[in-house]
Each structure stands twice: as C-alpha cells, then as structure tokens.
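> Below, each chain spelled out in residue letters.
Number of protein chains: 4
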Amino acid sequence: MKHHCGVFGVFGHPEAVQLAYLGLYSQQHRGQESAGICSCDRGLISRYAGMGLVTEVFDAKTLERLRNPVAIGHVRYSTTGACLEVNAQPMLVNYAQGQVAVAHNGNLINAALLRDDLEQQGAIFNTTCDTEVIVHLLAKPSQLDRADHLIQVLKHLQGAYSLLFLFPGKMVAARDPYGFRPLVLGKLENGGIVVASETCALDIVDAEFWREVEPGEVVFISEQGVTSKWIAPRGSVKPAYCIFEQIYFADPSSDVFGENVHQVRAAMGARLAQEAPADVDMVTPIPNCARCAGMGFAKASQQNYGRAFTVSHYAGRSFIMPEQSMRDLAVKMKLNVIKRNVAGKRLVVVEDSVVRGTTTRGKIGALKKAGVKEIHLRLRGALSLG
Amino acid sequence: MKHHCGVFGVFGHPEAVQLAYLGLYSQQHRGQESAGICSCDRGLISRYAGMGLVTEVFDAKTLERLRNPVAIGHVRYSTTGACLEVNAQPMLVNYAQGQVAVAHNGNLINAALLRDDLEQQGAIFNTTCDTEVIVHLLAKPSQLDRADHLIQVLKHLQGAYSLLFLFPGKMVAARDPYGFRPLVLGKLENGGIVVASETCALDIVDAEFWREVEPGEVVFISEQGVTSKWIAPRGSVKPAYCIFEQIYFADPSSDVFGENVHQVRAAMGARLAQEAPADVDMVTPIPNCARCAGMGFAKASQQNYGRAFTVSHYAGRSFIMPEQSMRDLAVKMKLNVIKRNVAGKRLVVVEDSVVRGTTTRGKIGALKKAGVKEIHLRLRGALSLG
Amino acid sequence: MKHHCGVFGVFGHPEAVQLAYLGLYSQQHRGQESAGICSCDRGLISRYAGMGLVTEVFDAKTLERLRNPVAIGHVRYSTTGACLEVNAQPMLVNYAQGQVAVAHNGNLINAALLRDDLEQQGAIFNTTCDTEVIVHLLAKPSQLDRADHLIQVLKHLQGAYSLLFLFPGKMVAARDPYGFRPLVLGKLENGGIVVASETCALDIVDAEFWREVEPGEVVFISEQGVTSKWIAPRGSVKPAYCIFEQIYFADPSSDVFGENVHQVRAAMGARLAQEAPADVDMVTPIPNCARCAGMGFAKASQQNYGRAFTVSHYAGRSFIMPEQSMRDLAVKMKLNVIKRNVAGKRLVVVEDSVVRGTTTRGKIGALKKAGVKEIHLRLRGALSLG
Amino acid sequence: MKHHCGVFGVFGHPEAVQLAYLGLYSQQHRGQESAGICSCDRGLISRYAGMGLVTEVFDAKTLERLRNPVAIGHVRYSTTGACLEVNAQPMLVNYAQGQVAVAHNGNLINAALLRDDLEQQGAIFNTTCDTEVIVHLLAKPSQLDRADHLIQVLKHLQGAYSLLFLFPGKMVAARDPYGFRPLVLGKLENGGIVVASETCALDIVDAEFWREVEPGEVVFISEQGVTSKWIAPRGSVKPAYCIFEQIYFADPSSDVFGENVHQVRAAMGARLAQEAPADVDMVTPIPNCARCAGMGFAKASQQNYGRAFTVSHYAGRSFIMPEQSMRDLAVKMKLNVIKRNVAGKRLVVVEDSVVRGTTTRGKIGALKKAGVKEIHLRLRGALSLG
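Protein chains in written order, with this note's numbering: chain A, 49 to 434; chain B, 49 to 434; chain C, 49 to 434; chain D, 49 to 434.
Honestly, the hints are just simulated from the structure, not real lab data.
Each hint should be verified, as a subset may be incorrect.
A pair counts as met if it fits within one copy or between any two copies, since identical chains are not told apart.
[Unchecked claim] Okay, derived cross-link-like pairs now, BS3-like style, lysine-lysine, Cα gap no bigger than 25 angstroms in a straight line:
(1) Lys235 x Lys109
(2) Lys235 x Lys382
(3) Lys416 x Lys277
(4) Lys393 x Lys347
(5) Lys417 x Lys188
(6) Lys277 x Lys188
(7) Lys235 x Lys277
Just chain A, same shape as in the assembly (with noise of 0.2 angstroms):
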C-alpha cells in the first residue's frame, strides 16, 4: 500500500515546467517525500528534485530558469524505510542512446529477480528503487528501434505501473496490462498533451480530460503526434483496479477508473446505512477524510447531517509535542470538539479506516468527555474489505 506515487507529464506548452509544478502540487496528495520535474529544451534534458513538498523543492528563481517546452515530474510518498534523497524520482541517466528520464507509480513484484539478474551481468544500482531497473533494462543493446525495444522492455515487467518517460523530443506513456494505478490523458488549450495520474491535476492547468491511458497501452507523444503501441493485446487481460485508489489515495474531485471518487465514498456510506442501521439525532464525520462517506450515511438514512469538530489549519511539521502528559492531545492538536453541538446527543460516527485504532479511540474519547449521549462507530474501511 506503500506505492501510491502521482506523475504529471506536459508535451508542447511554452511553460511545461509551471504546469508540472501545479499538476504536482495538485497530486500532493499522493505523496510527501520527494518531489522532482525533468524538462527538455533543444535535446537536453536537466532535473530538478528534492526532499519534501513542491512547494518546498521549488522556489521561483528555480521555476523562472526552467521555461521548458516538455517536462515530467513525479511526487513520492513518504516510506519509513527509505527516505533518501537519491530515491527522488524522475530519475535521470545517460545510456548509449542518450538521455532517458523516468518517473514511475506502482511497483513491481519481479524487481528483485530482475536485479539480481543485471548485477550478475555487471550492472550497478544507485537507488533502491524498482525505477532503476527498468533503466537498465532499457539501456540494454537492442537490434529493435526505440518504440520496439521500449515495449519489449515492459513486457519483462510484472506489478503495476504507470510510467512517464522522457526522451530528447518524446514523451512516452505506460500503463501495466492490469491497469493496477490511474493514467489519464488531457488536453490543454494550445494543443499541448498532458498526462497525469488523476484528473484533478487536468482541472488545475485547464486541461481538458481526453481519455484513459487504458491497461497495457503505451502512448508514444511526440511533435509528430500521438500514437499507441500495446503491452498485450488489448482487451487479452481482464483489468485488476487498486480499490484503494477510490477508498483512501485519491483527491474525491477527480474521476479514478471512471468513477468519481466523492460518490464512490459516499456509496459506501450509504451501504453502511444498510447494513449497519442506527437511529440517531446526528450524523458526523471525522474530518477531514470521512466527509463523503458520512454525507452519504446521512441521505441514505434521511437523517441529519452535523458537525462535530473543528479542524486545525496550523498543524504543520514543526509543531512540538510537548512532554506532559495531556490527555489525546495528538487528536486535540488536529481536531477540536464542538461540546455545545454534541452533548446530549446520541452520533453515529463515520470514520476511514479499516480497524478501531489508537487515533479513532482519542477522538471516540473527546466526544464522551463532551457529553455525547450514545456513539455508534461506522468505519467505511471496515466495509470497504468485507
């Protein structure tokens, strides 16, 4: 569940690099590690890329001095285990044919296999991510032409992904065969193609949503135009969609898979009305994730819809946590009851995640001390599983 990077692509706009930035910022959402954009101008292709938020890693001189026709940028979520700034992606390197640059959401249940096996032939690895294996594999000699050896390259891929790359003058698009992460295509005013992870990233640079890229597709976009090559024949493989896309990754504004996932969550909702019924005097959330499952338990059970916290907009990453004990002052920091609203009531409580845990017990806790009267508990993530 780690792997729910976002990638944004532009090919053909006179401020690529601007328009990667707000696509990225607007997938922020789907990571917090690292963000990074490659551009190209006449042949070269430079990277940019840091630890943190895009609005951390890009400051304005930076973005002035990269006024770029094409460019790919990618955002990665924050993993315990290897937060390192060589992992930032797009990853960049020179190969026999050139330039390549690659971002990549997914990841790939053969990498290691993969690895070993190009160590064994003498290959070296700098990161440790599952990226710096395809770039191998590409760098590979080959008697096909690019497009060819490019497809030939992902059909040794197994696992999921959804992959931008770059090369001087092309912008290449790839979804695995099972479609396991979102790829989708727009169009910006001008002409210039887009290619995101989520729609909501077409909304913030006015592109308009074109299509999928559908699973197994690989779309070739150059000043030629764009074409389509295929991982496996189209249709040959039934698609096996990340639920979790639609249940937790993705912004509720944006369409994933064909469907919006605001009404996704709250159809959920609306199942946990039926199948788990409470006759109430309100129905709250927990902000903010809850929001669209808990409209939806509300409607589907006619009853009413309420507000129970107030959320914080200051808690940022430098907030101390101070030694005393405070009693759940981790959930306080976050989200504050709204005692006058609640006391005497009896809620059913709708909350994400899949298991009663530590967290929804603090919150759990501030409502009794506010003097709420009865709590039923909904977890959308419990229903979500079953």
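Position chains B, C and D relative to chain A; hints supplied.
Just chains B, C and D now, kept in the frame of chain A:
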C-alpha cells in the same frame, strides 16, 4: 476589524510555557503575524517572540529551556501597515517597580491622545502599538499600591481591551467595561489558573471552563489566590460585544459571550433559508468557512446537504503563482470542484462574505464551468450586517 | 574591555546605506554580535538590524530597497551576558520632537545612576544598553534649541562615548571630552561626509581622511554644512585614549589617535627585542594577531623572520568539535605547524596575549612536538601593560 | 588543473567518521564544492554527502549518529561546468558483490573512451564523473578474486588517480603508476590506519606519518593487516609528479612528494631574488598565498621583510557587491593597505600569479594610491612555469 489578536496565560503549572504554546497554537486563527511568550521563574521575567506562526517562532530547544511556572502569550493578527518585529507581543519592559510584561487584544480609541501627552512629558516610544501607552501609564510614579494604581491606569483607557499583565509573582487579567473582546478563565487539574481569549484554548490544555472575566473586571492571580477589582462598578455599563467575534473571528468549537460559535452561525444559515429560500437539489458551502451556515440552511429548509469542492491541505506560503494566465488559478490551488457531484444540479451555495467579491466570482465560475444548472448564492455576511 | 563596537555614518550620498554596509563590513573586527543601519529619506527614518555578521544581517534585497541619502550604522561586540536582539543598534525611537536614531561605541560609568533617576520619574526601559539612557535624556522636555539641548544631555554623561545621532535631515557625531574611543571624519568625492570609528572604513568607501572628531567635540552635519559645538571647552580636559585600541581592537591598517596601528605594534615588538633579547635561528609570530610585533622583533634584532604555522581559512562557526580527546584540537583546527621549517631550530615566538594561557600552551606544545630545539616566548600583551 | 580534490580514509578507530570529518576539514583547501563521507559498520556502508564546505555539509547530529569504525571521505573542487549534487563523492553503489564506495582524486584521460565502450554494452550513467567508469569496470563479472580483479580494473585506467575504495570490511588505497597526485599513509595511536592526500590531514588527527603510497601501489587494509599489490612492476615507470601540488594546491605545512611545500615555495622566492633582483626598502607579499615566496625572496636578498596589507577575516560568500563604482572594491573587501607602512617606500611585491591579471592590477593600484615610491612586481607563478 484588524484587532482580533489572541492572548493566553497560565499561573501555577510546572510547564506553563508548554501549555501557553498549545494555547496560542489553538488560537492561531486569531493572528498569524507574530507570536510570543513571556514567562517568569523566581522573580525574573524573560521574553521569547518572533514573526510568524507559533510553530515557526518556537522550536523544541527553546520550549525545553523555558520551564517556568507562570507565562503569558500572544498571537498577533497580520496587518499590512506595521508588520514589524518590534511590534510582536507580549511587550516586556523595566520600570521603577521592576519588570512588567503585557499582552493586549483590542484597540484603544484614545491611544494617540495619550501618546501625545506622554511624549510631551518626555516619554520615548519604540513601537507603534497601543500597548506601549498602557505601559507608560503604568510606569508613572504613584502613591497607590500596585493593584489600585493599575485600576487607575485602566480607567484612562477608552476602547476595547482584553489584557494580560505579568508581574514577578502575579498575573493580572483585565477586560474593558463594555466587554468588547472575549476573555475567559479556566482551571487546570493541578489547581493552576488559565486565561484565554477563546474556550477552544482551554480544551487543548485540558483546562475546565470556569467563567468569563466579566466586563470591567480585573482579576489578580497569585500564590495568595484569585481576587477581583472593578474598573467600573459591576453592571454600571451595558456590555457591547463585538459581533464579528461570533461571525468571523472565533473558532466554531468555542463558546463566545455565552453562546457556541458554530450554533450562532448555523442559526444564521437557518435565517438565510427563511429570508431567501430556494428550492434546489443540493445545499453546499464554500469551504471551509461557510460550513456551519451551510448546514444550518440545509437543515432549516429540509434539503439535501452535499459537497461541491475538495480542499487542498498543502497550500502554504511558499506556493508560487506561475505567470501564465490560468483561469481562476488562485481559487483552484485551494479548492477543486467535484464535477460529477454538481453537474446538472440546482445548488444553493452558502458563502461567508459580506459582498460578492472577486474570489466568490472565481468559485461560482468554477461551478458553472463544471455544468451546474442553477446557482443561488447566499451570503451569510450580508445577513449578519442586515 | 567589552565595549569596542564600531560606528559608521554617511551624509549626502545617494547610496548612503550601501556605503554604510561597506563601512561596517570593514569594521567587523570591532563587533560580531549584531549589525544594523538606520537611514533617512524625506524626513522618515527606518531601521534594519539583526544578530550576526554584517553579511549575514543584510541581503541584496534589503540593501536594494534602502536607497536613502543619509545613514548611520553599528556593529556590536559579542558579550556573554546580554546577547539579545533587542540590544542590537542603532536604536530608533519616537519622542515629542519626532524620530531619533543613535549608535554608540563606549560605556558610561554613571548609566545605572541615570537609569535609576529616570525610572523614578516614570521612564520605561526596553533594553539593557547604556544607549537607552541617552535617548531618555534627549526626550525630556526642554526650552533649549535641539543642538544646545543635545550638548546639555551629553554633559550629563560620564565615561566613554563615540556617538552618532540621526535626526531627520541631520547627522550628529559626538566624542567624549577624554576621547576614550576613536572617531574620524572623511570626505567623499561627491562632497558627502563620512564618520567612522576607524580610518580603514574610510578607505573601503574611497573617502579621504579629513580629521578626527576632537575629544569633547560635537559635529553637526546637515544640508547647511558642518558646524561644531563643544561639550567641554576645547583643551580643558587632558585626553585619555584607550590604549587597547592600538594594542588589540583596531585593524593594523588604521591610523588611531594619530598613529598607525601596525607601526605601534611593530614598535612594541622592537621594544620586546630590546628588553628580552634572544639569539635564535628564526623569529616567528603566532598568526594572525602577532604578525606586526613579530616583524618588529625580527627587524630590531636583525634576525631571520620566518613562518612556523599555516592558518585555516575555513574555521567557521559551524565547526563541530568531536568529543574524542585529540591533543590540542582547538589549536590545530586553526593553525598547523610547518614541521620541516621549525624542526631542530631555536625560535623566538611572539604572541599577543597578556598571560601565558591555555591556547598559548597548545601552540607551544605543537611546536615542541614538531621538534623545535629551543622556544623563547615573548608576550607583546605583557609588555603593553608593563 | 581542476582536479585537485582531497581524499581521507580511516580504518580501525571507533570514531572513524569524526576523524574523517577532521581530515577533510584540514584538506578543505583542495576542494570547496562538495564534501562527503561513506562509513561502514557490521557489513553495511552508508553515505552522507552534500554541496558546500565540510562544516556546512555535516552537523553535530549527523556526526553523532555515524559511529562506525571505518570511513572514507572526499572534498571536491569547485568547477564551473558541473557543480551538481549528483557528482558529490564518495560514490556509493550496489553491484553483484554487494556495496562499494569510491573517492577519487585525479582525472582519467581515457574516461570518455571507456564510458563509450560501457554504454555500448548497456551501462547507464548517473553522473559526469570519471569515477563512475571505475565502478562500472569493477562491477563487471570476473573469475578473479576481488583483489586481483581490482588490479585488472586499475590497469585499464590511464591518467591520474589517487583512489580510496571502501568494501564491507576492507579499505583499499591506490595510486597511479606515475604518482601524479599525492597519497600518504599514517598510523593512529590505537593502531588504526589513515590514508590522506596531504600530510596536514595526518597532523590534525594526531596520526604519525608512516610513508607514501608508492606510485603504482595498491594497499589493502583489513582486520588481517596491510598488504600491497602493484599495478605496474615497482620502479618500472618513472614518476611524474604534478608540480602544481607543491606550487599551488597543497598546504604549506604539508610534505608533498618528499618535500615540504613551504620550503619549496620559499626556495622559489629565493630563486626569484636571484634571477630578478631589486634593491628596495621592503619586500612584501600579496597575502595570503605569496607569504612563503615573499619570505624566501627577502631572506635570499638580505632585505627587510614587511607588511603592506591587512586581510579581512569576514569576507564570506554572502558579501554583497554594491553597484556603485567603487574603485577596486573587490580588492579592498579582502585586503586593505597599511598606508603609513608603505608610503614613500620602494617595494618588491611578491605575487603567486602566473600572469599580471586584473586582481593584481587592483592591488598594485591600491599601493600606488597609498604613495608607494617604486614597485617591483615579482610573479612566483611565472617562474614556476619557466
């Protein structure tokens, strides 16, 4: 309207500074320009203050160092004119009786007059704050004891003030006779006393709400206990609460002037529904501010409450606005429309503003572009002034 | 000995602030704790100051913004007790006559007394600097014109002061009747007037040395020209220059109290050679401070002058001292012995210190370890106090 | 001439990383662009590197964390073309045999050729450093044992290299058969082994100079002891030391290629005195670089050695050059003339440069402006190329 700072004081807790940090953090919505804490141990008051958010001004090392049993703190609202470090509060000065620190929420209407007088007598001013006038008056030679002298000083002030004074060994909370600004007292489990602008700050430190500091009351807090004196005879002046506290400034979870802020705003939404009804498919607020009123409108009109926007959690100060003319970029970097949830629908859109300004136009434009059929805009702010 | 700050003022140059930046930079050896500049354009004085070196406090954007024709600046020496931002100079305040900024090098022996008096009369103090006393005296109501009032104020001060005042439209330089601290006047090519603690600051801005501000003189500089008044009748007091200026504080390139600092120090080295001669293979200084004296010793004794140490140019504030017990690490991170140039030789080592302290021991130890045959240590500081 | 980086390695000391920090710090003059250390404990190599000075890259927390018994480090010289973080050394990669880290001082003349070959075979390159070629060769499958394989790899390299390799449990130092760049061995008191570019780095960690790594020698250092192998039969190649090490790169306190650097430079000054004598009042160097040669000139010509300039210790990277046309500001911000010590005198000025450039002109101009009667400029660099 620029004077809604926040104050917080703790008397009698070994981690008074750490509690003040939390109390200011929870009142951060009252001021983001500067933050500061003055604390006292064994007769010596020290000051730590700076520009920015509470979490930016204080780091772990600073908090660790300041283990004092008494503290007062202040967050200051960002105004355009005088964003100067020298104006950060609390102010700490030396005078003939030793040290005194002051934190001030409000503004004096006779400050310029008093300042002129004082300058004619030879006073020098380091800041442009009203607060410095108060300190000068306090420092004047007097035959009265310190408590009575302070009452005399406060009698000279005209306008709004909720004040916290810190003398070595004594904390004093004062509220002007009209009670323009809120000021409440709370009790800690260990018997310590807390003073805050809003009740939400009591919640974060697990303090029990005790009572409001009454209009015209001056509360003296020391090892000897808590006693009160009065600026004007109790009940001699009719309170004149600042209505903007409940409408705009305070957190919805706070109780201000005896009422819960969320409920006040929801009631305003209900009144909007009554005064300007509309038969629609969905009532939706502009997040985050209009949520309370939106829910009130939906409930009062017995209509469906739903979600039209998602909110970005990553819009920080360092966001760079690319130069190219993106349509409504300033709106989209914070809000994104959930297109499929609004397309083809008739909406009541509840907004907090007083007038229909540029930002509102951007949001309405985004909804229209997403295919909303009918939009009925309801401005809560307009009602509140009506 | 902690009061050797540096001051610099410019009157009548379109880039007065930029020149002040250079003038302070060249006097950075006089104080590294804080730096600040107050400048004036069209009647309004603004202040920019902070902790650290001149190059740390001012960035290009700040300098660019401050294009004013008059400026005074200050660098402050780092003392252990009161390293507080509030003490950074120049101090800028408002009083009945408007604004005044002050930069002060020196210390007043009756400051505490004056402060007590002022506090009894109702004055408040924001800093722990002597300078604030001067400003309070200046702000007192007076029937005299501003210039005569200023003279009266200065007559109340006892001790050392070289002062720069900035009033809107007027710069004033004042030096105490004993002339403890240096203060010189220079002329810019465009006719502008410069005031500085040391002549090296005139050099960096291409100002021609004009003359010293005389002990007891107050120089008034405005569009109307340059005039002088006297605190004490000219020549009525015997000057008492602070000998440490020439021995330790000032830059060897400066002329202080009419003599060149390098030549004073070289003459002291020559006197050392006379008082405590030694027949050796090489005379060598402890860099950097004892170079002048070392050359004086070698020349006077007609012996070979040579190099025993190299100096690291990279020892900055951020150097981390590893915990393990490295022999004399503190010495070696700044100086390294040129072993082959000293092994087997008899040396005179000239050092600036007053007494043979820990640091000197480390350096001598390093020489011994390198195989020096004989070491004759000569302390210039000891001589100077003899 | 851009390849004078510095390397430092420690084997067998509990604080190897802390010693490496010191060793790199003392060799900071060999490279200021980037700094890095790879260290090894229990079979796992980790890397820490960044742009800037050693003291900027490493903070106390990082050093504290890295308590490993083996470490190699690198400082990189600032070149205009490729100031990229990715090029910071040591390089650390994974290959079939596990991890290997490399630090390289020198440049290979057949690097481009080798790189082309490797790319044709499918290799990818992340950096523009020669070093990556070496790692690729090392990673190639081989039947030889690791030591012999390494010798075979080194035989493919043409040009200058002083290399440090770190394998888990083994440190290897290698120097090309011509011995272009220096590389020395030292012994710590606890029996640990140190390798460094210059002897000054042995001094700072209290290591005893043991011997040079000989041209063509590869030294294997492990728990089993220290053994050597040879790239070319010992003595089969005539050494070709890079003369610039002694003339420019190395610290005067270091012994390089068997000679002390200060003495080499002083001897060049003496030769200048012989070849281009001048009868003057004072011989003076341009600080800091020409001090050795200046002393040599003065002593050889039996003339007075004296001081014409003071040096600013505060000229850092953040100095802002005001726009106004100050005469020779770039010179004056670093050096200031001691006017009274040079006015009216005839001077020999010893400078290190090869040709009389702009900077020299500025310094000479400053001396002329100060009233020097005669100036005889002597360029040590010119001699060295003669």
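> Each hint needs a verdict: does it hold in this structure or not?
Hints and how they fare:
Taking the shortest alpha-carbon separations for Lys235 and Lys109, neither the intra-copy value of 28 angstroms nor the inter-copy value of 40 angstroms comes in at or below 25 angstroms. With identical chains, the CA atoms of Lys235 and Lys382 are at most 25 angstroms apart between copies only, with a shortest distance of 22 angstroms across copies and 39 angstroms within one. In this assembly of identical chains, Lys416 and Lys277 lie within 25 angstroms of each other by CA distance neither inside one copy nor across copies; the values are 59 angstroms within and 38 angstroms between. Taking CA atoms no more than 25 angstroms apart as the test, Lys393 paired with Lys347 passes in both settings, with 19 angstroms inside one copy and 16 angstroms between copies.
Proximity of Lys417 and Lys188 under a CA criterion of 25 angstroms is satisfied in neither setting, with 64 angstroms inside one chain copy and 48 angstroms between copies. Taking the closest pair of Cα atoms, Lys277 and Lys188 come within 25 angstroms of each other only inside a single copy of the chain (21 angstroms); across copies the shortest separation is 35 angstroms, beyond that limit. Taking CA atoms no more than 25 angstroms apart as the test, Lys235 paired with Lys277 passes inside one copy only; the shortest distance there is 20 angstroms, against 63 angstroms between copies.
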